[in-house]
Amino acid sequence: MAVEKKTHPLIVSVSPHIKGEESVSRIMWTVNLALLPSFLMSLYYFGPRALFVTALCVITAVLSEYIFQKSLKKKITLSDGSAFLTGLLLGMNLPPSLPFYIPIAGSFMAIVITKQLFGGLGYNIFNPALIGRAFLLISWPKAMTIWKEPTAVFATLDAKTTATPLGILKEEGLGKLLEVFGDKANLYTQLLIGNRAGSLGETSVIALLLGAAFLLYRGYITWHIPFSFLGTVALVAWVFGGKGALFTGDPIIHLLSGGLILGAFFMATDYVTCPTIRKGQIIFGIGCGAITMLIRLKGGYPEGVMFAILLMNCFAPLIDRGVKTDLFGATKGQKK
Amino acid sequence: MSKTATFKRGIHPEEVKELTASTPIIKANIPERVVIPLSQHTGAPAKHEVGIGDLVKKYQLIGSPQGFVSSPVHSSISGKVIAIADFPHPSGKMIPSIVIESDGKDEGISSKENPDYLNLNPDEIKTIIRDAGIVGLGGAAFPTSVKLSPPKEKSIDTVILNGAECEPYLTADHRLMLEQAEGVVNGLKIIMKSLDVNRGYIGIENNKPDAIEKMRGVISTELNIEVIPLKVKYPQGAEKMLIKAITNREVPPRGLPMDVGVVVQNVGTAFAIYEAVRYGKPLIERVISITGRGIKEPKNMKVKIGTLMSDVIEQCGGFTDGAVKIIMGGPMMGFAQWRLNVPMVKGTSGILVLTGDDYIPSEEYFACIHCGSCIDVCPMGLNPSMLSILSEKAHYEGTKEYNLFDCFECGSCAYVCPSNRPMVQFIRLAKLMVKP
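Going down the list, the sequences are from chains A and B. Mapping of the first sequence onto the working numbering: position 63 corresponds to residue 63, and the numbering continues sequentially without gaps. Mapping of the second sequence onto the working numbering: position 301 corresponds to residue 637, and the numbering continues sequentially without gaps.
A few of these clues could be false.
Covered stretches of chain A, going by a simulated chain B footprint (3 or more residues, C-beta under 8 Å) [as the list claims (entries may be wrong)]:
no., region
1, 210–217
2, 291–300
Only pairs whose alpha carbons sit at most 25 Å apart, straight line, appear in this in silico DSS-like list of lysine-lysine [what the hints assert, rightly or not]:
no., chain 1, residue 1, chain 2, residue 2
3, A, 324, B, 448
4, B, 344, A, 19
5, A, 19, B, 632
6, A, 324, B, 729
7, B, 416, B, 462
8, A, 74, B, 767
9, A, 19, B, 567
10, A, 19, B, 767
11, A, 324, B, 632
12, A, 75, B, 363
Derived by calculation from the structure, the hints in this document are not laboratory data. In this text, a Cβ means the ideal position worked out from N, Cα and C, and glycines have one as well.
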C-alpha cells in the first residue's frame, strides 16, 4: 500500500472526536478566582485573622483530601481545585476570631466526612463547606458566634466584639439597628460595602456581586437558583418581616445581610448538591429562600441560609426526578 | 444580516471549514480496483448479480435489492470481478463486497436519458431513483425511494433540502451547491414532483454566504422554492432540527419527518437524483471532503464508490507527521477508522484526519458533577447526565424512562462535558442493552 501511517498508532474511539474547552478544574479555579474580591475585602476589614482562618481551612482541606486519597490508593484530584474551593468557602463562612483547631476541624469534616466518604467530587449529598460550618456551629456554639467589628486596615487582634446586623434585628429590633447605623441610607450603604460584623467573606455584598457577575457572564452559574432564592427572601421579608402588619417588612435589609449573597451565588449553586435541571433549580431556590426566612423570622438563629441550603440539598435528587427536561416534540408539533 | 432560522440549544464547535471551503471539486483518478460493499444502505443487503471472472462495465447492476427497504449496487468502473467476499467496511464490520479490477477504460453501459424529466409521473420517478441505487448521502444512507413513498395516511406538503452541513470541517455539500447549483435545484424539483408537493425549501447555514447567494440566483424564477439561511449551530443539519428551524414544526418523539408532513433530503442526494432521472446515471460516485490538519493537501473530490481510502489519501499528498486519527465523516458523528483499506461508500461524506494538536479525547473521565451543561445543549431536550449515570451503573432499564431512544447521538453532550465523560458511548451501550 502506497500510503502508510508510521509515526503514530491510530487512535480509535467513539464519536465525537473533538471536545470543548471546559473542564472541572477550569470551572473550580474560576470560582476560586471569583471569590478573590470578597477575600480581599475580608482582609481589609478583619486583617490578619481573616488570612489566618482562611489559610487554615484551605490548607486543611487540601491536605486532608491528599492524605485520604493517598491512604486509600485513589487518584489524587487536588488539581481540580474543588478541595481548595471547599476550604476557601468554609473560611469565608467563619467568624474572624477562632482558635486554630476550629477551622481545622471544620475543614476535615467538610472534606473527609462530607465529600470523600460519600465517594468524592460528584457523589456528595451535602455542600461540604456548609456541613463543615454546621458541624462547628453545633460543636462550638459560643466561639462560632463571637463577631468582631470590622476595623479596616488597622485591624488588630483585639477588635471589639459586637453583634451582626441580623443578630441585632432579631434580638433588639429594627430601631436598635438604625440607632447603630444612623439612618437607613447609611445602613444600606454599610451593608453593601461590607462594613459590618459577620462571617469573613459574607459581609461585602459589592465584592460578592462582582464575582457572581463574572460567573454568570462565564455561564458557570445561571440565574435560576440565586434569583429565585433572593426573590423569595425579598418577598417573604416584605410580607412577613414587618412588626405587626403584613406587607411592611424591609426586604433590602434581609437581602444585604447575613450570608445570603454568598450563599445564593456561591453555595446554593454548587453543581453537585443542587438539582441539575434548570426548572428544578427554581424550586430549589424558592425552597432555600423560604427556609432561610422561616429561620430568620421564627427560628432560634438570627441567620438561616446555611440550614436552608443544607435542607434543600436533601431534596435535590428528588426534585431532579420529579422535574422533566423538555423533550423535543413532546408538547407541540402537529402541522400548523 | 437577516434573521436566521434555528432550533433550541445545540453547540458551536470551531468550524475549520477554511481548509477546503474554497477548493473546487476535482475528479479523483480512476482506481486500479474498487471494493463495492453489497450493503451501503439502511435495510437488507443487496444480492450479488455477477460472478468471479465476469467482465463488468461502469453503471452496470452488480447487486440487486432484497425487499422494500434495500438498494441496488452498481459498478463504478469497467473491468473484471476478481473477488466476492467479506471485506472491511467503514462501519467497522466485515461486509460482503464485490472487488473489481479496472481495465483502465472506464467504459459505461448506455443509459436512458430523459430530457423531458419534469413530465415524468411520480411512480416513474421513484422507479428510476430506486433502480439507480440512490440512498441518503448525508450519512444515514436510507434508501431514498422509500423516503419518497410515505404511507397514504401521511400527507406531505413540504420538501426541505438539507444544505446545512453543520459538521465542522466538511465542505462537500458547500462546494456541490456552488458548482452544481442548477442540478441540485432540479433534483429538488424532481423530489417535489414525485411527492406532489408545492413547497420546497433549501436550508443553508449562514457560514456559506456564497452558496446562499448562488442558490438564490438559481431559484429566482421559482415561486415555490425558498432558500432559508440557518444559524451556524450544531446539529443544525439533523432532520428534526432542520424541520423545526424552517417550518417551526416539531417531529414527535420517536416519530419521523413525515409525521409533520415533511420530507428532508440532502443536497448531494438531490443532485444524485437529478443525474439519475435526467441522464440515467446510477449512483456510482459522490463528492467527499478529504480534510483535517493531518492531510497534506486537503481537497474536495468526486470519488468513485468503492475507491479505497488509501487511494484517496494518496491523491491528497498523504498524511502529515502529526496525524493520529482518521475519521470517516465529520468530527462530531463520524467513525474512527483503524485500517486504510476501507472503501468509500455511498454514505461517506468525508475523510477527516486529526493531528495530536487537535483535541484527541483522552480515556480518563470523571464522575458527573451535575453541572447541567449537557441538558443545556441537548437538541432533543433529554437529560444526558442521567442517561450516562444510569448506563455507567448498568441500570440500563432505567434509561427508558429518560427517553433513551430519542437520542440520535449528535455528541453535543460529550462535547461540553467538563468531566470528559464518554456520553455517546454510555448511551450506545444502553441502547444495546435494552429493548426499545
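Cross-check of the supplied hints:
Note: the region 210–217 of chain A has 0 residues with beta-carbon separation from chain B under 8 Å; the three-residue rule is not met and the coverage is violated. With 0 residues carrying a beta carbon less than 8 Å from a beta carbon of chain B, the region 291–300 of chain A misses the three-residue requirement, and the given coverage is violated. For the suggested pair residue 324(A) and residue 448(B), the alpha carbons sit about 56 Å apart, so the restraint of at most 25 Å is broken. The suggested pairing of residue 344(B) with residue 19(A) holds, with an alpha-carbon distance near 20 Å, which does not exceed 25 Å.
Proximity of residue 19(A) to residue 632(B) is assessed by CA-CA distance (about 23 Å); at most 25 Å being required, the pair is judged to hold. A distance of roughly 21 Å separates the Cα atoms of residue 324(A) and residue 729(B); the hinted pair therefore holds under the 25 Å criterion. Distance restraint check for residue 416(B) and residue 462(B): the Cα-Cα separation of roughly 31 Å exceeds the 25 Å cut-off, and the hinted pair is therefore not satisfied. For the proposed pair residue 74(A) and residue 767(B), the alpha carbon gap of about 31 Å is over 25 Å, so the pair is violated.
About 21 Å separates the Cα atoms of residue 19(A) and residue 567(B), which keeps this hinted pair within 25 Å; it holds. Proposed proximity of residue 19(A) and residue 767(B) is supported: the alpha carbons are some 23 Å apart, at most 25 Å. Using a Cα cut-off of 25 Å, the hinted pair residue 324(A) and residue 632(B) is violated, with the two alpha carbons roughly 48 Å apart. Only pairs whose Cα atoms come within 25 Å are accepted, and residue 75(A) paired with residue 363(B) is rejected, the gap being roughly 53 Å.
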